[in-house]
Amino acid sequence: MRINTREELVKARERYLASLNSQRKKILVCAGTGCVAGGSLKIYERLKEIMDGLGVKNCVMLEEEPHDSVGLKKSGCHGFCEMGPLIRIEPMGWLYIKVRLEDCEEIIQKSILGDECIERLIYCDKEGNTYEKQEEIPFYKQQTRLALEHCGQINAESITEYIAVGGYQAVAKALFDMSSEDIVNEVTKASLRGRGGGGFPTGKKWQQVLNQKEEVKYIVCNGDEGDPGAFMDRSMMEGDPHRVIEGMIIAGIATRAHYGYIYVRAEYPLAVSRLQTAIDKANKRGLLGKNILNSGFDYELKISQGAGAFVCGEGSALTASIEGNRGMPRVKPPRTVEKGLFGKPTVLNNVETFCNVPSIILNGADWYNQYGPENNHGTKAFALTGNVNNTGLIEVPMGTPLRKVIFDIGGGVKGGEFKAVQIGGPSGGCLCYNDKDNHLDLPLDFDSLKKVGAMIGSGGLVVMNNKSCMVEVARFFMNFTQNESCGKCVPCREGTKRMLELLDDIVEGRGTLEHLELLEELAETVSETALCGLGKTAASPVTSTLKYFRDEYIAHVVEKRCPAGQCKALVNFTIDATLCKGCTKCARMCPVGAITGNLKEAHTIDTTKCIKCRACIDGCAFHAIHEV
Amino acid sequence: MLSEQEIAKLNTIMEQHAYDKTQVIAIMQAIQEEYRYLPEDALRYAAKELKISEAKIYGVATFYENFSLQPKGKYVIKVCDGTACHVRKSIPILNEFRNQLGVSESQPTTEDMMFTVETVSCLGACGLAPVCTINDEVHPSMTPQKVKELVAALKEEKA
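Heads up: the protein sequence lines correspond to chains X and F, in order.
Per our numbering, the first sequence starts with residue 100, numbered consecutively.
Per our numbering, the second sequence starts with residue 708, numbered consecutively.
The following block holds chain X by itself, in its conformation from the complex (with noise of 0.2 Å):
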């Protein structure tokens, strides 16, 4: 059914909100990407199938009139991936953890008919405190989901149900109540700055593109999340696609654009889907395409779809792919502003800028600066991940110190002690805590993170313990940045791989102080002189982990020594012969028969025959073997 005008979104508004709210119980079940490779789909269709055994209506269309029924739903991410399949229950807000096929019956018996909260299905955090209300986990309680408001909340394809919590209402205000210039001035206002890495005030870049003269203008938003360990921006458009459509459509309105792409990855197919879903129920509702609410407006919005290069998040590159080109960037200027996407002005921001629009016009700028430090305003999104116990997704004020982050919501560091995190993907930096630097007091916000040589970047947290070896980490993302360069510059192409090279060299033992230096000044000219922010950014692994852990490369070259024990090369075994019983077993089961000596009597390995496969490690009942 078309919503026509204003009045007539407000009404569906109220008649929704009355629908969704007479579902006595509502069950979100988690689709996102991870809780689906958990099985969290079959664990939906088992709920449905034993209610609807059992005659209870569920899955009612918001359309209908106000009824008695069990909401059951598939919603976007819950951010506790560790844990899942998740399920969360309301109005109780329960939140269940790791749910197996098995827990349905009971789920529906005593949760759903009855309302009795399953003990054995809820948190339990390792002190032994168990938690039943999702709010009341150390995880949830100390976030602040702005942009991530939804996620979780509601049914992430239905259009009805984002209606009923408010949705579109921010693109009638800015339609009817409200400028071109108003939005421009509120967003600047509100200082919200790009969340794709670069922090670029939004405001200004609306601006330039609502200067631009030319007819034809473009709003482009990137959700070419390349970043290994970042996964925010999928699910955001998994989790509340209607919310990046909404952003995007404002947008529109403050530049007077009417064509909108949206540049997914390709590697997210569930994203895809869920965005194409979104896009044709709007427009079947009006929301979209021609005379938008009676307004005069019109907007178009399409999907892109990348074929794996993480170049194209660059601006330029991103562009270039959607015109169906190799992903290239250029040299700018002119910048996107001017000459975008086919030429033509584009604003171009990330899906959780995008986000965090509809809230800042409902609310206001003031609203918005409550969070967040001056200049900094906002919450930001992160994917918190690596050797963390609560790997997830979080959201928090920025500002908010990396302590909290990892140790509070995060749950401490997993396997180890806490070594490094690295911020920012291979464009960011390690961040670190000893005696010298202190990052963990650090507050996560853009112009913090600057001055100790990192970024915000799109916002991967990725944790290491003691068990990380800092230069095998530095190795892994001049591997990926060698790999995803386009090869257009020279610095690019060919820095990354000889920096490459030395690495590998350190790596495999064969580093002197040299290298350390060659590396600082390949470093250097890169970042000085590559063409995008890709290359400009490639060495940043690199430089901070040389300054930071400058012993630990040390101790590579020289000592010809891993102090965490990673490199293979390194690293050499050795018996210790008071704990050795003689038992015989690794001698058995060397596969090169490295180890020699008799029964009962200590053993030793011969080095130059090992080859570390870590078998005798693995297999010695009296841990006598050691890594050296």
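Treat the hints as calculated values from the structure; they're not laboratory data.
Just so you know, even glycine gets a beta-carbon here, dropped at the ideal spot from N, CA and C.
Hints are supplied without guarantee of correctness; some may be wrong.
Stated by the list, open to error - What follows is a list of derived Cβ distance ranges for each label pair:
(1) F/853 x X/215: 27 to 37 Å
(2) F/853 x X/722: 22 to 32 Å
(3) X/394 x F/763: 36 to 46 Å
(4) X/469 x F/813: 51 to 61 Å
(5) X/535 x F/763: 49 to 59 Å
(6) X/191 x F/853: 28 to 38 Å
(7) X/713 x F/862: 19 to 29 Å
(8) F/813 x X/671: 26 to 36 Å
(9) X/225 x F/863: 38 to 48 Å
What the hints assert, rightly or not - Quick list of in silico lysine-lysine cross-link-like pairs, DSS-like style, CA-CA up to 30 Å:
(10) F/855 x X/566
(11) F/755 x X/587
(12) F/763 x X/401
(13) F/853 x X/225
(14) F/763 x X/225
(15) X/708 x F/865
(16) F/855 x F/865
On the provided structure of chain X, position chain F as indicated by the hints.
Same frame as chain X, but now just chain F:
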């Protein structure tokens, strides 16, 4: 040479994209979906129909990681080596797949055209690291032991 049937199929794909040359990436994705790779003949035909040079279509096809000019196996196994998977030990998973199936980086596909093993940089399922996908189905929290089981199950399925 393309059969009539193939030409009809390629025409349908291009019609769906209105013979729009800016859609060449989407068109090639559809072709790849059909063949599981991009056959040379199909690319030549598409270039002709879209009125772009063969050099141009070849250039685009070779730029993007997702396009393959080599046929792939029935089961495409992608081992994620994004940062999060990497620090949670994805390389032993990759090596186990390669050992089990007797393939390598330069020879990613088995001779019987059943399996292809490749790496992918981040599937965004970092919470479940390390992960791999088999024909786009995500398998979470992988271990070398699980690799053995998965390969055995797939081989059984095929038999």
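Hint by hint, here is what the structure shows:
no. : hint                      : result
1   : F/853 x X/215: 27 to 37 Å : holds, 35 Å
2   : F/853 x X/722: 22 to 32 Å : holds, 26 Å
3   : X/394 x F/763: 36 to 46 Å : holds, 41 Å
4   : X/469 x F/813: 51 to 61 Å : holds, 57 Å
5   : X/535 x F/763: 49 to 59 Å : holds, 53 Å
6   : X/191 x F/853: 28 to 38 Å : holds, 36 Å
7   : X/713 x F/862: 19 to 29 Å : holds, 27 Å
8   : F/813 x X/671: 26 to 36 Å : holds, 30 Å
9   : X/225 x F/863: 38 to 48 Å : holds, 40 Å
10  : F/855 x X/566             : holds, 26 Å
11  : F/755 x X/587             : holds, 27 Å
12  : F/763 x X/401             : holds, 24 Å
13  : F/853 x X/225             : holds, 27 Å
14  : F/763 x X/225             : violated, 58 Å
15  : X/708 x F/865             : violated, 40 Å
16  : F/855 x F/865             : holds, 16 Å
Comparing the model with each numbered hint stated earlier shows that hints 14, 15 do not hold.
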